[in-house]
Amino acid sequence: MAPHELATLYAQLKTEFSAVNPDLQKCGQLLSKLKVGLVQAGLFLPQGDTNLDDLIITREILEIGAFWSIRAKDVPSFDRYFSQLQTFYNDFSSILPPSPRQYPVQGLNLIRLLTQNRIADFHTTLESLPPDALSSNPFIIHPVNLERWLMEGSYSKVWSAREEAPAEEYKFFVDSLMGTIRNEIASCEETAYDSLPVSEAAALLFFKSSNDLIQFAHQRAWQVDLLNQTVLFVRKDEEKVAIPKQKMIVAALEYAKELEQIV
Amino acid sequence: MDHSTSSSRRASGDDLGVQGPDKTIVAPLPPSALTDIKNNVQLIERAVSTLEPRFTHRVLRSLTTLRKRLDATVLKDALEAAYPKDSPTRAALAAYLPTAAEGVGMDVDASSGLTSPEVDTYFCLLFILYLIDNKSLGNAIEIAHQTAEKIHTWNRRTLDSLASKIYFYLSRAHEIQGDASGIRPLLLAAQRTASLRQDDDSQAVLINLLLSNYLSYSLYSQADKLVSKTTFPTSAGNPQLARYLYYLGRIRAVQLSYTDAHTHLQQAIRRAPNAKLAPGFFQTVHKLFIVVELLMGDIPDRGLFRHPVLRKALVPYLRIVQAVRTGDLSQFQSALSSHVVQFTQDQTYKLILRLRHNVIKTGVRSLSLAYSLISLRDICVKLHLDSEEDAEYIVGKAVRDGVIEARVDHANGWMLSHVHRPEGAEGIYATSEPREVFTKRIGFCLDLHNESVKAMRYPLNAHRKELANAEAAREREKELAKEIVDGDLDDDGDGPGMSDF
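The listed protein sequences derive, respectively, from chains Y and W.
For the first sequence, the positions run 1 to 263 when the UniProt record's numbering is used.
For the second sequence, the positions run 1 to 501 when the UniProt record's numbering is used.
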């Protein structure tokens with residue numbers, strides 16, 4: 001593919017993507033063509049000395065690709081674009097001018113890790129970000145706060161923060177995040193309450209109507225008393241702990257063996 | 001001693017010959033630096049001829065004390081003593097010395113002729129140290145790279161421990177210059193070679209260098225991958241092992257496996273060199289250790305903060321610990337904000353940020369222990385939470401996580417703590433926990449015993465002597481037996497003779 005062809009494709013993608021209602025399918029086609037072109041131009045996995053402007057354009061294409069994957073609800077594809085962008089953000093950070101989309105992309109990645117409950121990866125990624133971004137960049141603060149509230153149990157804050165997403169793409173993750181939160185809250189309620197009025201339980205779980213709640217209650221096998229309009233949480237009796245014979249025998253034999261070696 | 005007199009004579013000669021800046025360096029020079037180098041060269045040669053790495057280790061142990069006494073004159077004289085005049089190594093290394101030192105000390109000792117690569121490497125090491133100390137990093141890096149390349153082509157096992165030092169200072173020089181990210185490929189290549197050649201010394205040092213390189217650029221995922229792909233040589237010395245364990249602890253702490261991190265850091269502290277000799281490492285490990293312990297929900301021992309080496313360095317951490325212990329969120333925030341610079345410098349800031357919910361948990365727990373019934377409103381006020389709603393969720397989560405035994409009464413807005421606690425005085429002994437703890441502790445003791453048995457050093461060939469003794473004893477026994485037999489024969493011989501009479 002000739003360089004000018006690449007340039008026209010890039011221009012097409014840029015105009016299409018920045019339109020008010022971008023045609024996602026068309027963007028996807030353009031992106032896959034562009035990727036082939038980049039591989040042929042040796043820019044897909046840049047090595048050695050490459051033109052600075054080319055690198056910036058490659059980075060932009062990949063960034064658009066990352067956003068496009070989120071809009072097209074294709075998380076694995078986002079993952080791929082993100083790992084390719086890592087090279088540009090880390091290894092070329094000294095020669096390339098910082099990208100305005102770097103923090104939105106990294107913030108999106110953080111949210112993704114959070115919704116997939118990959119907390120360890122979340123923190124590892126966080127550690128590699130500069131500390132001032134952590135306290136001042138809105139794209140990063142958002143996921144960081146969400147994680148903190150989740151850990152504390154301030155679920156209402158997470159709920160209220162869902163509308164404050166700093167970028168359009170963040171909202172894609174809101175739904176799955178809400179699912180996670182509901183399950184968390186539900187498991188808390190099971191242990192912390194004996195019973196709850198249906199309306200209150202719905203409010204705690206952020207359901208708009210009690211019908212939604214009743215459906216949810218069935219999923220979790222809660223008893224709903226429709227007469228008194230209460231949800232009863234049946235406590236599982238703690239089963240009696242049996243003596244772990246196997247383990248104890250193994251341990252005792254192990255001690256005997258070791259003792260024999262010492263004496 | 002012959003060496004000391006000759007070197008002092010030369011030192012005085014330098015005093016006369018050298019003009020300008022070098023004069024000040026020469027004056028306080030203890031004459032023994034040169035002698036030390038000469039002795040070390042002999043030791044290294046002995047190590048090479050006997051294939052006994054112990055001697056090389058002894059030489060490297062004196063490196064730190066020798067380093068303080070190195071200067072241009074000492075190095076020049078040592079070079080002249082060790083190399084013949086037309087040796088290319090000598091010329092190459094001498095070029096790095098300041099020109100003022102040239103033209104003196106022409107009385108060359110009779111050199112030992114050919115020098116081994118080990119001695120070459122040792123001299124390069126001394127030069128690198130000297131150049132680093134004299135802020136001439138460019139030259140130090142140049143020598144280090146050349147030496148590393150040579151080591152690679154020589155491929156001699158007797159070089160291993162010297163090579164590891166060269167790599168260490170190569171990376172150190174780059175670190176001071178601030179371009180350490182560039183040498184990663186070189187270190188990785190060296191690490192691969194070292195592991196192929198089963199060069200344990202270099203391998204240990206290189207893994208540590210790579211880890212510290214990654215961690216200083218906050219590349220935790222790369223560091224983690226390196227750890228999972230390599231095995232740290234078991235024969236590595238304690239200092240290297242301590243460093244490795246510290247890096248491992250740091251990686252695990254970031255990945256939220258606090259129990260692992262805790263074990264590694266504890267081992268690192270135990271393996272660390274004496275606190276007075278290496279206070280920096282001791283303090284750094286303890287800082288991280290305290291944070292990890294807090295994250296695990298434990299409170300570090302108060303005695304730790306009174307340790308003479310640690311007391312001053314740990315003051316900011318003491319305030320955090322106090323805040324976590326009392327569960328006071330506002331105290332925690334103020335401690336955090338007033339020491340933020342210190343924490344960022346220690347690379348513990350982000351870990352400490354995670355402590356926030358531990359503070360809340362402790363707060364909830366102390367409330368549930370103190371009150372059998374408390375309104376959510378009061379919890380909210382006491383823990384400085386933002387709203388009652390939050391308080392309810394937080395209490396709910398605490399109950400689910402098993403932090404407290406309580407119920408929430410939603411209608412009245414109360415938290416009811418349970419009066420009877422199954423996890424009470426005898427409760428825990430009804431579970432399997434004591435057995436698990438017992439197994440763990442016994443396991444630790446047994447490991448310790450086995451490790452120390454393994455770590456014992458037996459002098460080489462000592463059993464030969466015993467064998468020889470045994471051989472001699474057997475010989476004597478044989479002789480004795482023979483004598484007895486002979487005696488018997490004699491007796492027998494005598495017998496009939498006697499009877500003839």
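Fair warning: there could be bad hints in the mix.
Unchecked claim - Footprint (simulated), chain Y over chain W, 3 or more residues, beta carbon under 8 angstroms:
| hint | segment |
| --- | --- |
| 1 | 220-226 |
| 2 | 318-330 |
| 3 | 339-351 |
| 4 | 395-403 |
Source of the hints: derived by calculation from the structure; they are not laboratory data.
Beta carbons: idealized from backbone N, C-alpha and C, even for Gly.
Going through the hints against the structure:
1. With a cut-off of 8 angstroms between beta carbons, the segment 220-226 of chain W has 3 residues touching chain Y; three or more are needed, and the interface restraint holds.
2. Here the segment 318-330 of chain W counts 0 residues with a CB under 8 angstroms from a CB of chain Y, which misses the bar of 3, and the coverage is violated.
3. Only when three residues or more bring their CB closer than 8 angstroms to a CB of chain Y does the claim for the segment 339-351 of chain W stand; here the count is 3, and the claim holds.
4. Only residues whose C-beta sits within less than 8 angstroms of a C-beta in chain Y count toward coverage, and the segment 395-403 of chain W has 6 of them, enough to reach three; the restraint holds.
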